[in-house]
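Given the coordinates of chain A, assemble chain B onto it according to the supplied hints.
Chain order of the listed sequences is A and B. In terms of our numbering, the first sequence is numbered consecutively and its last residue is 587. In terms of our numbering, the second sequence is numbered consecutively and its last residue is 224.
Please keep in mind that the hints were generated in silico from the structure rather than gathered at the bench. Each residue gets a CB set at the ideal place from its N, CA and C atoms; glycine is no exception. Be a bit skeptical, because a hint or two may be false.
What the hints assert, rightly or not - Derived list of chain B stretches under chain A, where covered just means 3 residues or more per stretch with a C-beta under 8 Å from a C-beta of chain A:
{"#": "1", "segment": "45–56"}
{"#": "2", "segment": "72–83"}
{"#": "3", "segment": "151–159"}
What follows is each chain in one-letter form.
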Amino acid sequence: MAYAAIADRDHEQHLHDPQTFITKYVWSQDHKVIAVQYAITAIGVGLVAMILSSMFRLQLGFPESFSLVSPEDYYQYVTMHGMIMVIYLLTALFLGGFGNYLIPLMCGARDMVFPYMNMLSYWVYLLSVIVLMCSFFISGGPTGAGWTLYPPQAISPGTPGVDGGIVLMLASLALFIVAFTMGGLNYVTTVLQARCRGMTLMRMPLSIWGIFVATILGLLAFPALLVAAIMMLLDRLIGTSFFMPEMLAMGETTAYNDGSPILFQHLFWFFGHPEVYIVALPAFGMVSDVLATHARKNIFGYRMMVWAIVAIGGLSFVVWAHHMYVSGMNPYFGFFFATTTLIIAVPTALKVYNWVLTLWRGDIHLTVPMLFAIGFIFTFTHGGLTGLFLGNVTVDLPLSDTYFVIGHFHMVMGVSPVLVLFAAIYHWYPKITGRMFNDTLGKWHFWCTLLGTYSLYLPMHYLGLLGVPRRYYAYGTDFMPDSAQTLNSGITVAAIFVALSQIFFFINMIWSLRHGKPAGGNPWNATTLEWQTPDTPPKHGNWGDKLPVVHRWAYDYSVPGEQQDFVPQTEPPHEGVVSGRDHGKHH
Amino acid sequence: MNVTVLFVALFGAILIWFALLRKLKSKSWLVKGVISEDGFAAVPPQRVGLWIFLGVVTSLFALFMIIYSERARFPDWRPIVDPQLLWFNTALLVVASLALQRARNAASRNALSSIRTNLSVGGIFTFGFLIGQVVAWRELTGTGHFFATNPADAFFYLLTGLHGLHLLGGLYVWAKTMTNAWREPDLDDIRPAAALQLSVQLCSFYWHYLLLLWLMLFYLLLST
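Chain A on its own, in the form it takes in the complex:
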């Protein structure tokens, strides 16, 4: 059976190409347009979250000098910053943005297999963002429950935004999950069904492997958040007692009885931990492709990398309770989760070794995407190592809810994926827009971001070891020695510096759109399919009249005996050149 996504184009199909501006760029079913829509929305809402973080950092660093942020604001800003960054920026940009753009192009398909549902996915995502943003403008403001939204405090009087903010937050999350499910069905089905001829699963670029497994994780894990959101909404609106215990609030007994807040925590983290890998696995994949391309070397241990992605994906479902060591759990339960947590370090470390070994004796081109990719290896290793500390129950107990935790997860799940996002944006920018970005601005952006984030998060680990707790509005000198407060101010300066240095990025992206050098089809001399399209940027349908045919894997860089230092996946084997080993030749 031939579907539109993998059929050679006949005359009839041309007629279905979008004609008007509206169908081309607004209600578009083209995966590339949807990807850009996703990306712009996600980056826009991410900017909001970054501004919020700058504001509460000002409060934390200089509690006496600024009166921008009230205690209620502080909790609301922290909550919104966390939720927006994790869900509405990272998840949406990695899967909705890059997943949409790269899957059909790298697999050699014309589009996603369900384009209409793909379009719907974006618009429901946009709706969820709008609902979330609305909570800034209602009375009481957005919820200040902390991004984990733990009951009972999330829906008890006294917490900011308990009237409307939390309801909008939960509704927005439910919408996001619907949007993600529609998108995710597309990504998985497209990878399974719409690969072009010759593109076997074990020839796919690692970017696709990362996005593919991350999407499966998302499809299985987001329902947990949906269950939690629905039940908490019912607790809040109808007065059921799923999670709400019998308690006093503001001196009065509530109508709730005997609900279990711990059940919420289990649900939340059953989603929350895979969520880390929903963000990390696409990053792992894309950074592998960037490293291989700019080091002109094949990725070291391709199959090991694929297996590691799959293994990490599987293991990520059995580690969730390491977020709950302080909830008073059975020590054996904690022991189990500490063990699984440490086991997950094995495939992850394999990946780090393989990235380094890919660089080893490579022909390294220090382009802007490559710089970001190498920066990622540093920040990720750093964040991963502190994760080993926190994975142990006895080490975690004193460090729980301190700045050590903040430092850890920003390093491993904030900075690292964002560095990969920048690497990916710079790497694929020439394909998306047809123009090169400005190299100098890009390098300024990289060095300011890398050094800035290090000076921002390294000191946090030290503050955490001192015992400085998170989620405090103002410490004052009663709680903290002067030296620690000085360090805290320094962190704020670094945070503002990092935020401001993103201006380089935005100027570069917007300026280059018009004034960048024309990029040509394959500026990085890369092997993967998206660089072999007949047009740059690729037109609707991606491949012109004939679909590509794949003859080799994605990493034929610097092959001995070849004229160029790369062989595109579409290149047939040459006469006389001895081809690999003979495995599977008799298929």
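Same frame as chain A, but now just chain B:
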């Protein structure tokens, strides 16, 4: 609880084993030239999409069932006497599922009139099931069991309601399939027939799944 875990494990194992692990053993990157993989390319994408969607639904309901069994252990849990009507409703859903299976068999023989009859029967009995569920809700509210009265009540409305919503979604697709089935058949073109056959197959698969899900939910509701 055990049943749920088994259910999830089984579904997950089947998916992972067939979709992934078998392929991971191949070393196709060592070979140059065009090679093709067997298996998935022959399956219509709609069917794969439905499998994956049912994976998501399985995850959703499995989590609800686990939370249900955990919450039922708390001292404030007051088990409810489930309305006897549920047995009758279950029978209606079984008939609906059987009728859709017959429609599916008819579709593989291209027997259009039989497809039409059985599709209609399946839909009507499904509507009957949904109406029956609403009547069961009325029965419960009539005896003073409202949504927030007790977690047992809340879960009853929540689980039956969500299951009903999934059936409603199925009925939307069913309605589209019905209009396809009633369109005048064009004997020259084989594609509409194949499309109708696929729709009927997917509908029946979805109905069997929702029947199985209902049986599990019903068992859970009866047992606590």
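Tested hints:
1. 45–56: Three-residue rule met by the segment 45–56 of chain B, so holds; n is 7.
2. 72–83: holds (count 3)
3. 151–159: holds (count 3)
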